[in-house]
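Trainee: The lines below spell out each chain.
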Amino acid sequence: MFYDLNVPWSATDAQLPRTLAFLDELGYNVVALNHTISGKLPAQISCAIPDPLPYKDLPAKLEIRRRVTLTLTDSYQNARLAELARAYDVLAVRPVDERTLQLACGSLDCDIISLDLTQRFPFYFRYKMLTEAVRSGKRFELCYSQGLLGDSSARRNLISNATQLIRASRGRGLIISSEAKTAIGCRGPWDAINLAAIWGLGQERGFEAMSKEARNVVVTAQLKRTSYKGVIDVVYGGEKPAPVEKKEEQRAEGGKVKGKQPAAVNGQKRQAETIGPDGMDAGDKPISKREAKRRAKQARLSTGDGEKDVASESAVAEPGAASGQKRKAEAHGSDGVAAKRQAKEVRLDTTNEGKVAVSASAAIEPTSTNGPKQKAGSLESDVETTGRA
Amino acid sequence: MVRIKHRYLLLNILYPDQKTANVRIAGRPGEQDVPYSVQFRQPSSDQLTPQILLRIIRDGVATLFGDYGSGKVSSSLQIKYFSPATSTAIIRISRDHYRLVWAALSFVTRLPKPLDQPCVIQVVRVSGTIKKAEEEAIRRARISIRRAQRAGKGKDVVVAAASGVQAVEGADEDDDFGMMDGIEDHDAPGEAEEDSDEAG
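Sequence order for the protein chains is A and B.
UniProt numbering puts the first residue of the first sequence at 1, with every later residue one more than the last.
UniProt numbering puts the first residue of the second sequence at 1, with every later residue one more than the last.
A few of these clues could be false.
Using 25 Å as the maximum straight-line C-alpha spacing, the simulated SDA-like pairs for lysine to any residue come out as follows [unchecked claim]:
| id | chain 1 | residue 1 | chain 2 | residue 2 |
| --- | --- | --- | --- | --- |
| 1 | A | 61 | B | 110 |
| 2 | A | 181 | B | 110 |
| 3 | A | 212 | A | 66 |
Rather than coming from a laboratory, the hints here were simulated on the basis of the structure.
Work out the full structure: start from the sequences and follow the hints.
Mentor: So, in structure tokens, the structure goes:
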């Protein structure tokens, strides 16, 4: 992922879609359109860059962010920077002298410090000042485009300032962007990295400046705006998932339990285990007719009810389950599976009064065929749930 | 005897400007309908020869790095391959100084006098052997043709009718357009065949 976080935007620029298409062609993935404000802030701050952009032929894969650059002049007062930051995706400041640079590195809450590298600064960049800014999450920006298009003095100043900046920051906390007003000023990401390598930034650092550090800026800026205190952001609000998805998940879990059933577990454990998992492992696979008959017979024997009719499962279950538990079981579902389960629940109820029907239904392994395996399965699922908890 | 090690830079010449049309697309009076990727990767003019390209590089190195840079570069600089049809070139340069040449290429914004077109030169691959550079050139040409085909779908722009490249729906290949391991800064073991073959 390559980032170019400075593409100047103006409302009358007809060349912008071409520039964006060219950046896409060069291999950039994320581009930030830059709106520059100098002087006094307007009374009503709103994002000047329309969303969506009014061009029809934009490259589909290119991600576009909105950035504002505020020029810090002498008569600057600190008010309303937060308001400005809220209106855009990324907030950059452009200091013009040492005092404002000090201010930007220290107290101002911005994302990018963007210096105009084509002019000559009458001061040195100090390591302490720059690291203070980098530690608080601000990044310094190297814009290469003016060095390519401008005259030789602009190029000389750019190289000089960039070298100074790289030296003073030890190559940390820099991002490289184009600031290209036309498509001709853009270069490929690796070309820009090579330029930075010529200026003294190692290739690895240059690559990070193009990708990792720039991503850092975008992500932290987004987090600052949307999250709670810059720490917690709700990415997924826990809406009800689609029913199809849930069913698949259940089936997968059921299959997993079935797969790792050990050979034999103490039969007495069964009741204790059945309480634990609350319906998590109850698969929806219908039991076989033979199994249903077997269960019905078991239920009949345990209740002592001499029911003759074995052919219909529901007919067997209903007379047996005379207690209040039965209604709970019915609540699980009105389909055939739930009806088949009832027989099992009834038996459990008689052996252990007061067990919750929900947990009892969980204990039924519809896929297994005989007693000991069932117990093992429910034990297994219980262990799983506790482990997860 | 110690062999001189080289780097081969594969470069594309891109034409981002609207006005520089070296070819006319048949049956299209207005240029607006041509997709951007076709516009950018259009063929170079016939006047652009390897000699002119070499002169651009030499001049660029001289302006950026002065006599020192020109002296360092001049002995090993060579244009190995240049194709105006795809605007692709492979140049050879000694390993120690390839960054100088690369920077000089990045600073090119305009082709010199007889052509006088704005252009951007992008280095897409730095390789220790010319073979790898060649393979990469072929791969990229394929990808760009496919992209153009996909972009021109629905419009009757004949982009690559004669190229023999099949249009693949949703080809994944152009996702890895990067040069993550494209810069070979260190010696690779399989670099022995370096000077063995000539491209094109």
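Trainee: To test your reading of the hints: which numbers does this structure violate?
Mentor: 1
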